[in-house]
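Quick mapping for you: the protein sequence lines, in order, are chains A and B.
Our numbering puts the first residue of the first sequence at 39, with every later residue one more than the last.
Our numbering puts the first residue of the second sequence at 93, with every later residue one more than the last.
Since the hints were derived computationally from the structure, they do not count as laboratory data.
Treat the hints with care, as some may be off.
[What the hints assert, rightly or not] Which bits of chain B does chain A cover? Going by a derived footprint, with three or more residues having C-beta under 8 Å, they are:
no.	stretch
1	199–208
2	477–491
[Said to hold, decoys possible] Pulled a few chain B residues facing chain A out of the computed Cβ check, cut under 7 Å:
no.	residue
3	P468
4	F469
5	G470
6	L473
7	G742
8	R743
9	P824
10	A826
Given the structure is predicted, the values throughout are model-derived calculations rather than measurements.
C-beta atoms are modelled at their ideal positions from N, C-alpha and C, and glycine is treated no differently.
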Amino acid sequence: MALISHESSVTSPLSAPQAPGFTKPHAVRPLVSAHDVSRQWGKGSNAQLGVDRVDLNIGSGELAAIVGPSGSGKSTLGALIAGIDRPTSGSLVVDGERIDQLSTDQLARWRGRNVGIVFQDFHLLPTLSAAENVELAITLSGRSVGRSKRRAETREALSSVGLADKVRRLPNELSGGEQQRVAIARAVVNRPRLIVADEPTGSLDQAAGSTVFELLAGLRRDGTTVVFITHDRALAAEADRRIEMLDGSVSRHSAGGVDVRIPLTADTLVAGVQ
Amino acid sequence: MQFVSHLWREVRRAPARILTSVFALSLAVGAIGVFAIPTVAASSLRDSAERDAIPQIVLRTTDTADVDLDTAVSSIANVEHIEPQVLTVVATPEDRELDILGTNLTNQQIDIIGVDAGRLPTAFGELIVAEDTLRLGTTWTVDAADGAPIELRVVGIGGTTFWNGEGVAFTDRATAGALEGVDGANRLVVRTSDTGKEALRSTASEIRDVLSDGGVSTKTLPLTIPNGRHPIEADIEQISSLIGLLGIVAGLVGLVLLGSTANTLITERTREVAVMRALGGTNRAMRRRLRRLAMGIALASVVVGVPLGVLISNLIARLVLEEFVGLTPGVAVSIPVMIGSALFALVGARLVAANAARRVTNRPLAAALRDRDGSPFGRRLSERLVARFATGSILDRTAVRNGVHRRARSVAMLAQITAAVAALMIIASLATTVTDYNAALDEPVRWATSTYVPGPGLDIDASLADGDPRAEVGSTIEGEVEGWEIGVYGFVPDTQMIDRTMDAGRWFEAPGEVAVSSGFAERVGLDIGDEVTVEIASGSHQYTVVGLHPDRDRTVFIDVDELADDMNLPGMGNVVMSLDDEPPAFLSGPIDVERLAEDDDDNGTAAILLIFTAIGAVVVSVAGLAVASGLAVSVYERRHEFAALQAIGGRRRHVFRVVVAELIPIAAGGIALGLVAGYLGAAAIMESFEAANAVEIGFTFASGAIPAAGAVVVAGALLIGGLMVRRVTSRPVAVVLRGAA
Numbered sequence: 039m040a041l042i043s044h045e046s047s048v049t050s051p052l053s054a055p056q057a058p059g060f061t062k063p064h065a066v067r068p069l070v071s072a073h074d075v076s077r078q079w080g081k082g083s084n085a086q087l088g089v090d091r092v093d094l095n096i097g098s099g100e101l102a103a104i105v106g107p108s109g110s111g112k113s114t115l116g117a118l119i120a121g122i123d124r125p126t127s128g129s130l131v132v133d134g135e136r137i138d139q140l141s142t143d144q145l146a147r148w149r150g151r152n153v154g155i156v157f158q159d160f161h162l163l164p165t166l167s168a169a170e171n172v173e174l175a176i177t178l179s180g181r182s183v184g185r186s187k188r189r190a191e192t193r194e195a196l197s198s199v200g201l202a203d204k205v206r207r208l209p210n211e212l213s214g215g216e217q218q219r220v221a222i223a224r225a226v227v228n229r230p231r232l233i234v235a236d237e238p239t240g241s242l243d244q245a246a247g248s249t250v251f252e253l254l255a256g257l258r259r260d261g262t263t264v265v266f267i268t269h270d271r272a273l274a275a276e277a278d279r280r281i282e283m284l285d286g287s288v289s290r291h292s293a294g295g296v297d298v299r300i301p302l303t304a305d306t307l308v309a310g311v312q
Numbered sequence: 093m094q095f096v097s098h099l100w101r102e103v104r105r106a107p108a109r110i111l112t113s114v115f116a117l118s119l120a121v122g123a124i125g126v127f128a129i130p131t132v133a134a135s136s137l138r139d140s141a142e143r144d145a146i147p148q149i150v151l152r153t154t155d156t157a158d159v160d161l162d163t164a165v166s167s168i169a170n171v172e173h174i175e176p177q178v179l180t181v182v183a184t185p186e187d188r189e190l191d192i193l194g195t196n197l198t199n200q201q202i203d204i205i206g207v208d209a210g211r212l213p214t215a216f217g218e219l220i221v222a223e224d225t226l227r228l229g230t231t232w233t234v235d236a237a238d239g240a241p242i243e244l245r246v247v248g249i250g251g252t253t254f255w256n257g258e259g260v261a262f263t264d265r266a267t268a269g270a271l272e273g274v275d276g277a278n279r280l281v282v283r284t285s286d287t288g289k290e291a292l293r294s295t296a297s298e299i300r301d302v303l304s305d306g307g308v309s310t311k312t313l314p315l316t317i318p319n320g321r322h323p324i325e326a327d328i329e330q331i332s333s334l335i336g337l338l339g340i341v342a343g344l345v346g347l348v349l350l351g352s353t354a355n356t357l358i359t360e361r362t363r364e365v366a367v368m369r370a371l372g373g374t375n376r377a378m379r380r381r382l383r384r385l386a387m388g389i390a391l392a393s394v395v396v397g398v399p400l401g402v403l404i405s406n407l408i409a410r411l412v413l414e415e416f417v418g419l420t421p422g423v424a425v426s427i428p429v430m431i432g433s434a435l436f437a438l439v440g441a442r443l444v445a446a447n448a449a450r451r452v453t454n455r456p457l458a459a460a461l462r463d464r465d466g467s468p469f470g471r472r473l474s475e476r477l478v479a480r481f482a483t484g485s486i487l488d489r490t491a492v493r494n495g496v497h498r499r500a501r502s503v504a505m506l507a508q509i510t511a512a513v514a515a516l517m518i519i520a521s522l523a524t525t526v527t528d529y530n531a532a533l534d535e536p537v538r539w540a541t542s543t544y545v546p547g548p549g550l551d552i553d554a555s556l557a558d559g560d561p562r563a564e565v566g567s568t569i570e571g572e573v574e575g576w577e578i579g580v581y582g583f584v585p586d587t588q589m590i591d592r593t594m595d596a597g598r599w600f601e602a603p604g605e606v607a608v609s610s611g612f613a614e615r616v617g618l619d620i621g622d623e624v625t626v627e628i629a630s631g632s633h634q635y636t637v638v639g640l641h642p643d644r645d646r647t648v649f650i651d652v653d654e655l656a657d658d659m660n661l662p663g664m665g666n667v668v669m670s671l672d673d674e675p676p677a678f679l680s681g682p683i684d685v686e687r688l689a690e691d692d693d694d695n696g697t698a699a700i701l702l703i704f705t706a707i708g709a710v711v712v713s714v715a716g717l718a719v720a721s722g723l724a725v726s727v728y729e730r731r732h733e734f735a736a737l738q739a740i741g742g743r744r745r746h747v748f749r750v751v752v753a754e755l756i757p758i759a760a761g762g763i764a765l766g767l768v769a770g771y772l773g774a775a776a777i778m779e780s781f782e783a784a785n786a787v788e789i790g791f792t793f794a795s796g797a798i799p800a801a802g803a804v805v806v807a808g809a810l811l812i813g814g815l816m817v818r819r820v821t822s823r824p825v826a827v828v829l830r831g832a833a
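If we strip away everything but chain B, and leave its shape as in the complex, we get (with noise of 0.2 Å):
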């Protein structure tokens, strides 16, 4: 009670300073909660993995229709369950592509369906579909593989885990087999006893080996999704600790405002502690009595800050889910990052306020006594020193002056300016890079159009495009070297596709022959006449690095053909690239045509950057808080200088010449710091990133945002500087200097 007493009297005593200083150590506390985002995600990610039993193996397959898989598999210690599913694609009545997927629907065990509305299929034709993809009741007929009329009718809304995110419907399996013109399956989900990647990984294999013991290939790389993660999890890790860095950006810069608040509430109070030193009190009693300040905006910061920092993370974590899985999240909290964050503010306070109240309370009695303002000018050296410099007027003089006697004041002025701009060019310097990457991923791109049909497999003709000067048959599929996921794109040798400029090396020319992304290359030591093993659905294949291309993602790049042999489907492809922007007309049936100038990742990029800009509007609150209390405390403390300046005939523009005289070298060392600090720490996280992913993000620094970043320091100072010296101005110069005796 006497605490909290204690504590409304300090507030009472300077309110703006202390309510400034709870409010940015909250957001500062608030924005290193972002650090439970993947708590938080992976929470109702879990939660509903687990509910609705997701697979742990996903394969792609030929048609399975003569193996018996339970059998096929019944050798395989580590599988639990293996559900044959079918996948298809058939055109809605808008004519859009609707992946259909048919599975066991009377006794699910695998990647369970959850119903939102109407029921589950229970007939023949009947389908559950995902939100948002069709109405309850829609009927239509499409055509089944063999020509027959099949009609389809939305009875239910609903879906999986899995699936969340795509417009997918789901059946039984004799329908989507009738639709794909499948007996068996052409995709299979298991769920084994052990979760962990090497055990999935090796399970997966021999999975394989059965399957083609049985005639049957699988058409892509196995999907595992180990320790009932969802596949998602990583990557938002990745934002979440890009988020977190500027998070802890955001409590440091808080900790430094807490800091100079705390110096200044306590170093005010020197003569103050000194009479009751000189009436008998004990240092270490002064010290727990001027530490408690501190240790009450804490304190008030952690109470604010720390619901604010679940709020942050789980509105972060909800749009995170919402854009990229289509899951919208429960609440949830991570125990660790709450006591995190709130020890983080209150062992940071107790360190900042033990060091100034030791510095007051270790102060000689008598001068504590005696110096009302603190050490007087002159003492150090630095000072007199600088005191021999008479350049410039004398206000421009006495402004330089007091920056260095002020030093702490100074330092923490130039540390939150810093901060500030650091925090600034940082986030317009991931948002270039991220613009910039997502642009430079199609700078070798020469098609206009490119065409798949539906499947995972290569169901092109190669020959289709023969002929056709403007058009080429090619493969995408997904592969892995070393562990990383990569792209295999098949093209012919002398392809007028892509820009076969290299960064070193050579374009394939003979068979056996690839060249790698140079990024990608570099960061796995790959390096022409290297050989390269690379993973694809039908095994592992080597071949020789001939060349080093200045594609930015993880790519290889064959000959079509050796890739379709190597797939075992020898003169196969799996997309038409095109160079003009119409699918070539030699092309029938479904088809889906992406075109280059359609960015589809736009809205995942657009999400990203929200949530960058987002925790960085934080951190720039908390910086720009820090600095205008600094600047507003650092007018305030000086008040009664200013006051004798007025009473000698100081105008209100000769105060504001002092203040803004003493602030730009100050903001111009803050802005050339925070410029060099947003340039590594920007370059540092894209760094990580790269090492994280493999691949050359490369790194712009947002060069245009200088400017701005600068003009927003010095308009935010000039206005708060105004505002203050407005303030200290306004009151009877006679009233301030009796303040001061």
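So here's chain A without its partners, still in its complex pose (with noise of 0.2 Å):
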């Protein structure tokens, strides 16, 4: 079974918007759950709030995206959540581990073996090929896999993204677009429970920014839950939850096209109409 499947998210993307995690959100239980989470830079007089005292959940197999303006703290939020950036206070667990409270290299481990990253700026490496970059994530991943399986996994997730034949590129020979893809394989070949994309369109024309997404958008198919930053309303209309910042708190907060209540109190989904 293909990671992605690659042909039917681009030939029909956003045709089929109810994921099976979406039908019933308050049954399920949260990936991700955020309890009076903030982050702040600096101390005194010189302090900057990222993110102020953020409560969520995000549903296992949902899409959902971060919206709102610059400086809002989306970002903040997608890397505290992606496990890249850590909280000055509350508590974060994600798929039922407190990833506040891992040190630095056990979040790395951690990193490696459950989430998978795509940044707005590739940040492939640039001195190994499409190949080797896919590559590199099984290795850090610490799974036991043999290196004819790592290659065939490598291979099976370019497929995936519609870059089987540009696998001995480097970054570098490959266009935006190309890159984002190679980024997309890089961020699933470990089949992690949880993909974050921080802006992962932001650099990309339309096209190719389309087709991004609809790879993201595809992974939900598999149980994937998939966290994507964005300031395009248009495209975080298709998101299953909708989480909006403003000034480094949640302004709005809606699931299904129903609002949730704010703050969350349970480590289950418990939306509420207002």
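Since each chain sits alone in its own frame, please combine them into the complex, following the hints.
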């Protein structure tokens, strides 16, 4: 089975917004659960608050969009969920793990096994080919995979994003859209339960952006939770869950078009209609 | 003011890198200051030489009793003044030998004695002694030459530049004459109007001739001191040149560091400059702006480094002069060296910065605005080629490819490690060579003790040791061959006091035959069968070279009887060599026993090694700082890449692995090149030393230091690499990646 149903997602990516997990949002356990999470830089009068006492839950298999204007804290929240940043206060549970309490190396190990991250700027290692960039993610995940299987999984991941013929290309030899697809292949190759994509289409033209979004959106079919950060309201409208940020706080939170009460108090999805 | 505020902004931007560069370049500029040592030393030496009216010619003679010296030398135009003196030796109350110089104390014109405490002698038996020789007021009685007791009393502490560092006492000529049994003088010091080298040699020869006419013979080769120089100046120049070479190495290493720092600081502004260019800034204005940084670093280094150089040169000059001359010099500076070291840093900085600035501003504007981290990997053929090699783990591959991609940084680090290892090996090899040479000097020696009687002449009857199978009478006198000072050693032909194994030819057997040190012979072009002219106190003598001896000094070996004849003192010698640890019992009176096991030059060797080590430590520190800084910058530059690696699950050890994998080939290459450079450098230095001294010093490469050099490089690299990896990986990944955007 391909990691991503590339053909179907490309041909009808947005035609099936009702992902399996979305039909009964109230019944699923959350994959991501943030309680009173804040992220602050500096101290005293120089203190800058990136995220201010955020509470939220994101269910397993959901496509969740975090939206907001520049400086609203959406990327910071995404980084906290992806485990590439640490809250200064509050608790953050992802797939049952209190990631705010993990050490730097434990967090790195956890990321390698449980999260795939897609950045606006791709952040591919420039000296490695497309295949090597993907294979590196397998190596770092700590999974015990033989060389041939690793290569097979790499090929499969790249094929699923339509880059089977460009496996040996260096990032410099790929277009922006292709680089982002390599980044997606790298993110999905370990079959993580959570994908966090920060402005994945921000550096791409519309066609390339659509392709990338379709690929990400298609992942939820396999039960992968996809959190994507965007300022594109049209894309956010396609999400199962929509978290709007303003000045570091969640200003609006809706799931399936229904507003979610803030703050959340339980570790299950509790939606309250205002 | 604007320049200063601009610099301050730069320092705040990358304080560690800039301060490291300033510190290392300051040390380098300071190290170049060692070239000032000869000037600093000469300044003090010449000041005191002039103050004390140091003699230009010194002769040791037989008693001049019946010769009217002033009349005798009146025909020699170059002689300004000749002072008769008497040099003798007595035993101190502690039974140590004490040279006593009798001279005219009422009207001092040559070698004027300075009084530090007490006063000059005014009465018979009174002495003024060099510092640390005897205490003021010390009184004791010695026997005069005629056996009468003479009471000696120390009334002053002082000395002269010429005698600095020697345990010597000064008195009037009458006292010294009575002690030595000399009616006239046995030492003549001369001031001349023309102090040039050739003029002095010719004048000394003329004096020797007129003395000879009066029946007075010279006991040693005349000592000439040309151009108001102190005799030790040449030695100091030689040591300083050697140290200066190390200073140059430090300077070059410092410049490489400045180059790589300036390069990094300038290159990472590619985008910033591109934005300013896009807004209308001209390339010329941008380059000027970029160059300011390197010039600022260099200027700060000069401000710190030049005084540091003055300090280093004065400290080393003081160490050398106190150790070898017993003179504490005043502070002196060498303006040419100060200007030279400042120009070295400023011009060097200007050149390296100009190159980096040109590269940044020549980059197409669109590419500069687009590529955040400079030219992307894969543009060059070498990068595409190395990317095709998929050997090793992926982390190893990225390390190797990065080394190729950032080749300027790799080359700079390679150069810095090379310089550090080379400096380490040069210092270690010089130390090893000096130690081995000192040991090698005694290698052919078989005697256990050599015993001298006081005085410069041949005062021991050569037949004295007849019948003692474990002792021999020999001679050691000073000579000159083709302008080189040499030792002329007289032995009995079948001597057992020295190893007679030859490098070529044979030991002397017949009259007129000599053996010569093979290293010296090679350097002055002497071979077996050649005639060699040896200048000794009695004049020039010709001998035939019949053998080349492995002795490492400048020595001519000759039959002791023939040497005595040539010195006009038949049947005499001046040293008794013995195979026993104690001098032969047949010797009586004041004697000076030298035991082979006691190396009286240990202090001098230790001082030279200390100086090498001190300046070497500066060089190695500069190189070490350069390596550390280069490595730190290399890791820091790639923090975004490492953050990306961490984002996908890479742990600190993975990042460290990449850093180490990148460093291993560079360190290995640097160590290998450093060893080669260290070998060649040390060998070249010793070669130049051999050429300058016409001796075979030999060269011992300090191979024992290789593991230490390698370990220092590896441990240092791992330590700095580990610290930098810890630093760049401890920041939140998101924060680092945000900085990349």
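Going through the hints against the structure:
1. 199–208: violated (count 0)
2. 477–491: holds (count 7)
3. P468: OK, holds: P468/B within 7 Å of chain A, min 4 Å.
4. F469: F469/B check passes; min Cβ-Cβ to chain A is 4 Å, inside 7 Å.
5. G470: holds, 4 Å
6. L473: The hint is violated - L473/B has no Cβ within 7 Å of chain A, the shortest such distance being about 13 Å.
7. G742: holds, 5 Å
8. R743: This hint holds: R743/B lies near chain A, its Cβ roughly 4 Å from the closest one there, short of 7 Å.
9. P824: Since chain A brings a Cβ to about 4 Å from P824/B, closer than 7 Å, the hint holds.
10. A826: holds, 3 Å
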